[in-house]
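Chains as they are written, first to last, in the numbering used here: chain A, -11 to 507; chain B, 866 to 998.
Fair warning: there could be bad hints in the mix.
[Claimed, not checked] Simulated coverage check for chain A against chain B, where a stretch passes if three residues somewhere in it have a Cβ under 8 Å from a Cβ of chain B:
| id | stretch |
| --- | --- |
| 1 | 105 to 113 |
| 2 | 162 to 176 |
| 3 | 453 to 459 |
| 4 | 476 to 485 |
Hints are computed from structural coordinates only; laboratory data are not their basis. Please read all numbers here as calculations on a predicted model, not as lab measurements. By construction, the Cβ of each residue, glycine as well, lies at the ideal position given by its N, Cα and C atoms.
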Amino acid sequence: MGKTIDCYFWNPNLGVEDGLEFTYEDVGSGIELKKPVFTVEVLDKIIEGIKQERKEYLLNIGIPTVLDAIGRANDLWMDPKYKGRKIAREVLPKVTGFSVEMVESWGFDHFLGIIKKENLPLFGKLKPDNFKEFTKLGDGLVKAYGEAKVSHSNYNPEVIGHICAGNILGIAAFEMVMDKLIDAATWIKVPSEEPVFGALYAKSIEEVDPRLAYTIAVLPFESGNNVVKEFLFSKSDIVRATGGEQARRGLSEVADKYKVPIAGHWHKFSFITIAREYLDERASEIAELVSLDVSAWDQQGCFSPQEIFAETGGSVSPIEFAQLLAEEMETTSRALPKGSNSGKMQVLDGYYQYFKKEMMGEPVKIFPSATHQWLVIYDGATTNFEPSPLFRVIRVKPVNDIMEIPKLVKPIGKFLQTVGVAIPKDRLIPFADAIGEAGATNIRTISSMTLQKAWEPWDGRFPLHELFEQDNIRWVSIDTIDIDKEIKTALERKRSIVDQRLQLDKLQEKEHSAMNLNH
Amino acid sequence: MVRFPSDEWIGIFKEELNKNKIYEEVAKTWEGDFLFVVTPDDELKKEVVFYVDLWHGECREAYLVKGKRKAAFVFKGPYSNWKKVINKELDPIRGLIRGMFTVDGDSKIIIDQAKAAQELVNTVSKIPVDFEG
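Between the sequences and the hints, there should be enough to build the whole structure, so can you do that?
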């Protein structure tokens, strides 16, 4: 008997399911994904339903009730035995291609921590004038770039729409939580590549507070379905969207047509900078941490590093660092292996491209994985920023001084996002000032590149604030005020993930040998 | 009817808050004093500042600040938004999250005390007021 997973969610009391047709997609192992075929009439009822519930319930409960419900829903997900998490564990690796270890460990245990009640970004609107220099916020620092010029303002959005990209798990949950904090009804288009988690998370809210959940509709529809898309835009006060260049063009057109403001988070590039001070006896620890950034989500995120700039002049040279990184990639890949979508072709492409360069005598050295799970390339031929083939393919490039980097990346400034750093305190602020000026928005300690802290801006805007105001200020953050302390904590976290996994492997090996002996 | 903002209003607020048993219960762990700053807008010409000392469910002091005064928390917003709070049209915590008010001090501590904040508003809303402008 197979298992059917609903990829949609809305108030079941609306009684619209009877009038809908559904499609069923077999994803293997007896699992099928059930998705509705929407009509405008049904969508209208769903949108009216979330608006009604907002008016009658959400607007009349106190923020403590909202926070409490979010906290309880999140607690459910932190429990490995929670039924929603069990379903997700079974289904998500099949639909996303990520490994179960990645989904469980990096996804649930760490990424979902962003929306823990105590981490929520509830500090209101910041005054840019108070942040002309990097100034404390949360446990890090932020700085405001640019002059305020409000292009959109609505402090009472009734309906907020979200179009989620499929590369990272969990965005749908983040969006639901943000909207509830500002009393908005929510519709979410879940990605075709991963249509499962959004509905599961909404159901977990339903378990703790059904009426709060009924202000949410999770709507799986194809990106090319313009009838549905246009109808939903026409009913929204603002739409937040994540996606690539094609999504940006298509959605901006619809937003213009219906005069709906769009808070877009589009294609971005991220990279790592290692200062020479950390390329000493700590270099292997730094490599350990960097390997986690490269492995997390198989580099599919906008915050995943595509290049590493390593400064010369340390006791460990950039090429030696590349070798250390290769060793750590192997260990980390055992703890967080790739899933079914291994991108082997991309890894092989990278391998042959750089193998040729190495053979031709270019200052290039490749450090491959025996099974093509990952690839580290030392590339001393150019310092130009080049996109990675992804899937754990990373280049290490030497730079004489980290302050040369802002100039190198300036041409792609508007596409820059996260910069993973291992830079000592006294050099970090001047570097952050310059890289922020070049266009980067999030400066994070290495190994935390894919772990946004809830107080941090996202692509230069605060995730809550941008839902009611767009003001042209670009906020740049540094995720810590004490990088050495952050590195120490990150190392503990990284080792706990790896150790836990490797212990499990050992246990499984023992069991396997015992079974073989018994036979 | 008392005028808001005024010395008389803050005096009544203190009396009423100290009669509020629910507040006493939900704010029993709260320790900290506030400056409530009403900033001018179309309807209010000059900034008004109230000092309110809240301690374990009790209001120990509350008055209109005439000179300079410091407090652990400064909760600030325009007069029109204060009016909405007094009329129970705006939850101050929601106002804070949306940026309609700002706070100097750890906003997380205030948000953890959201139930106490609600009771402050419930008390405020029971005082019949005459608004400036």
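Query raised in the report: Hints broken by the structure, by number, lowest first?
Result: Violated hint: only 4; rest satisfied.
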